[in-house]
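Taken in order, these protein sequences are the chains called A and B. First residue of the first sequence: 1, per this note's numbering; consecutive thereafter. First residue of the second sequence: 1, per this note's numbering; consecutive thereafter.
One should not assume that every hint holds.
Stretch-level coverage of chain B by chain A, calculated; a stretch enters the list once three of its residues show a Cβ under 8 Å from a Cβ in chain A [said to hold, decoys possible]:
{"no.": "1", "stretch": "29-38"}
{"no.": "2", "stretch": "120-126"}
{"no.": "3", "stretch": "202-209"}
{"no.": "4", "stretch": "213-221"}
{"no.": "5", "stretch": "388-396"}
Rather than coming from a laboratory, the hints here were simulated on the basis of the structure. Glycine included, C-beta positions come from ideal geometry on N, C-alpha and C.
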Amino acid sequence: MESHNQLTSYLQHSFECCLLVSFCFCVLLLFISLRRSALLLSFPLSICFLDLLTHSACVRSIMNADNRKGELADLKTQLRQLAGSRAAGVEDVKRELYKKVISYMTIGIDVSGLFSEMVMCSATSDLVLKKMCYLYVGSYAKVHPDLALLTINFLQKDCRDDDPMIRGLALRSLCSLRVKNLVEYLVGPLRTGLKDNNGYVRTVAAMGVLKLYHIAPSACTDNDFPATLKGLLIHDPDAQVVANCLSALQEIYTLEAASSEAALKERELLFGRPVIYALLNRIKEFTEWAQCLVLDVVSKYVPADPNESFDIMNVLEDRLQHANSAVVLATIKVFLQLTISMADVHQQVYERIKAPLLTLISSGSSEQSYAVLSHLHLLVMRAPMLFSSDYKHFYCRYSDPSYVKKLKIEMLTAVANESNMYEIVTELSEYAANVDVAITREAIRAVGRIALQLYDVNAIVDRLLQFLEMEKDYVTAETLVLVKDLLRKYPQWSHDCIAVVGNVSSNTVQEPKAKSALIWMLGEYSHDMLDAPYVLEGFVEGWAEEDSAEVRLELLSAVSKLFFKRPPESQKILGAALAAGIADAHQDVHDRALFYYRLLQQGVEVAECVINPPKQAVSVFADTQSSEIKDRIFDEFNSLSVVYREPSFMFLDKEHRGAYDYSEDPAAVSLVSAPADLVLPSQSLEANDNDLLLSASEKEESRGTASNGSYVPDFLTYESSSAPRSPSPPLQVVANRNSSIGSAPVARATTAGRTSQAVSALGIDDLLGLNLTFSPGGPSLSLKLNSKPALDPATFQRKWGQLPIALTMDHSFFGQPLAALSGPQPLLRHMQENLIHCMASGGQVPQFKFFFFAQKVESPPGTGFFLVECLLNTSTASANVKIKADDTSVASKFGDIFRSALTSFSLA
Amino acid sequence: MLQCIFILSDSGEVMLEKQWMGKRVDRSICTWFWTQARSSNYDEHSVPSVLASPTYYLMNIVRDGITFLACTESEMPPLLGIEFLCRVADVLADYLGGINEDLIKDNFVIVYEVLDEMMDGGFPSTTEPNVLKELIAPPNLVSRVLSVVTGASSSLNNTLPLAMGSKVPWRGDGIKHSNNEIYFDLVEEMDAVLNRDGFLIKGEVYGEIHANCRLSGMPEVSLSFSNPAILNDISFHPCVRYKVWESNRVLSFLPPDGAFKLTSYRVKGLKSTPVYVRPQLTFSEGICHVNVMLGIRNDPGKPVDSIVVQLPWPSTITSVDLTANHGTVTQNHGTKVSTWSVGRIPRDKSPCLTGTLKLQPGLTKLPHYPTLLVGFKIMGATLSGLKVDKMDLQGESYRPHKGFRAVTRAGNYEIRT
């Protein structure tokens, strides 16, 4: 009765729908649905209409909520009716219904409400139905853990089916349920699955063990599954089973190793000689993907002697000819790792891998060639000579996507040398006329980079200057920036360049960077450019419209330089510029204008000494990426790091925070009494990475804060940007004058690298009459520490959690004792002598972590504490220090004490 | 390892998702990806194939407008992911007879089944199309008709593939054919870049040897070339014995049953091109005069067929008026691409395309010069000159039918103006 009511209401509903949509549309849809499946013809009208409607919903993804609810309710009823039915043809009806449910699921509609009905209908011998059912159950079991129990029965039954395929499929679905409280039902089928006489089932079972481990690690290890897998790993005749065992074991042991010694040993055994040899001997039986896995494991193996390395390479050599690029890359990684300490063989390996890599970049799809090119880029950076004769492979194709073109242009820059330079620059000039503006820019920059890299730049300068004649705004802009850099390195080209730059109409230059470059050249070479004063005057007149502070800053300097060279013509311009600058709302611009103004008050010669001293040509521009980072990426060959050009910790870090985070929580580090064992090598490496990242960013930060709102650092950065590595003479003079007072105490507290900077900064401060007071006795005079502070770990932890970071420091030292530090104890004793006490310490060479605390003398109990987190890296001889203080006003003083204590330890 | 794969339509709609790990990846990542793809500085559908989102690391490939997007949370070899996605796309195209939105939506059950077999636990398992087809029958017209007539289920074979459990992963035991035959296709593609003076800047040939093998039992096939030295870099199907190739330059293999790609190779340093194309563009008063000459430069010995020249003009032209003395010229007004279909070059005259382009008012010349793309086909000849010497069969007593074909196509054959 109820179903009858529903049917009528449904028909009514669909009737309304039909009224709504136009008749034509309805016919069209009907036609589609009929064509789609002739089967439907034999169905009752209602199902036909249902299909019509759902189909239109699928196609257009438009379906209002009421309608959908109706659909689902209807599906539910139909499934329920079919559940017990054994009539002929019922399977087909079921199949259509299942298909509909899955299609809803596919387009993202939640059909979990049908769970029990779907399960009730799942008793079938039809494989496709089974597969759809497995798919459905796998997707929603997690949402309905209680109902998932219903599926166990039929899945377990299928696990005992005669057909190995059904056994395998059922086992896979069973393992994919991922419901914790059903684990007990999983163990039995898994155990029989691992012993199944069919390889397919064992393959599935091996992977199932890993899935079980992810749901319930203890259930997996308690049942000795890893041991069973180990047996299969060596003895199973089916290579795919071996491969799955390998990947499962690798993951299980790696995760287990974090908490158990035994697992760590097992993991080492897994990468040990017997296993490696067993795998290598049957490498050809594996599928290409399993080969990747095996090769990855082999790359972690350290052979006993060179002969062993050669044996392994001989076995693997033909893998370089594999059609699958993943296999080729994995093989290359093995080769590179095996020969890393044999320099000459390493070179031979480069020669050997060159051809396959070059084939991969040109023959595969653009997506593949992008990933391969990223790896090739890494190799090219290490051995540019190797690829210098194959530069034509890096020529861009018209059909290459932009991201591939960009990478190829970088490669061309990297492989350019004296012999191929001319052709490469010619090719790059072709790209300068490209449709894609981004590529055009890259190409021009590449030409500039090549010019800066190589000595023989005659031809390149001509090319660059030709770009200026193309009369395209963005080309001109890029070129101007490059010409500026070029002139800084090769001032001898100034005459040629200036002649062309002088022709550039200043109106066509809009981009701030290009504008600054043009203004810089106008100022620098104003004596050679007749109309420089007039052009600059034009810029000064447009001061108010100029949005970019960078340009206004550059304008101030350029106008001053102009003034020193051609005073009569430019006095008025300078006056206008300084007036505009001092009135400027931007702090830096204002400061620089005021600074110039005051310098000029001291006398024109003095000002010229500071603003426009004779410059040396720049020999090397600062490299953007340190070689350390590059080496690190190289170690991670054949990984995402290479594509992102960042070591994996840089981007994987946040994922692993949960597992590895002990930088914020002191409790995670072992207390002094139980040192170091908690932190395992893998973690300490991770922490090490953390630290590297941290220190880099914090250096940035401290630099940033230093330049806030004072003339001096701003001035320094400015000069260093126009002439790095050649401190201007007046600064040195001033610095020397002050060094008798300044350098001694500062040098004691800081290291050599910082000294010169600190001294020169001090010198200028003094020059400006800022009256810096500097007590020769060091800062420790004003802050005394309690010799016996009392702080229990719980309070420390609480305080650490509550207080903000008052101070962070990066510190590097050169001393022996620190580099040789093998345990935390010596440092602890030393710090204690300096009245800084240790709360907790941990880590292993080269990465240590300490929590220190100290208390200000004569402060009431429970206050005046300083809490310190100190990350020490002995290999890089650096420390990263975070200080928190009850009384933040003296935090910096405490910081000085802490630093000097660390320094004295490293010098002890 | 890969956690999931999403298949997105060309409008960014998620058509299908398949999760392999316990931790489900939310669909919202696709929205992130799609905005990224849309807002990229690059041209449309051109985001780098490997991307880092705030939550996952994404790998994607685009085939016929359909995006295959895979997510992972951990470090992994990027090529493993991309190579796998390519394989998924290839297998699906093979199964469905192409890749497009309708085909995928109509056959989503098959797609699920295929994906389920291709990867387990985040690691690729069976990707060999021949083996997959034994696991899951492709949807073809015959089986669909059959299922309608008999009502029997058909999209799944009831026996496990033969190759599974066989000692040789790519070939099963007990294969029998009534006609024993094996055919080889040498397919070469020529990549060339020529500058406006007709000077060859870069030229290479990429070749593949496809085999279609229908041989019974366990045949040992060996294939030798008369000039193997020209092959610059060669990669093989897993069945080829590398050691034999290293020592004798002979391809020795136990072939899989059915069609497969035996080798691919590269021949570099080509000095000559079969076809020359001379474009000339001159400008006067906002009009661009076009003149393109075309002809045979080095006769490859066989006729050069299906010559097509594509001229992608910049968007700043307002109208195109081109005529040819041979072949047909068509104009796509949306994409501003003129296509000149020449076909075969006639004996009596040299084909020539002439005409004018009208530029947007104010322009005196084109903002950038177009790159002409040339297509051609040469049946029966390899441009690299690679020749098959002989093919022998051992291990079985029958004498198979054998056949060889060669075809050369223009790959990326571009002419700069």
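_When the structure is checked against the list of hints, which entries are broken? Sort them ascending._
Numbers 1, 4 and 5 - these are the hints that the structure violates, sorted from lowest upward.
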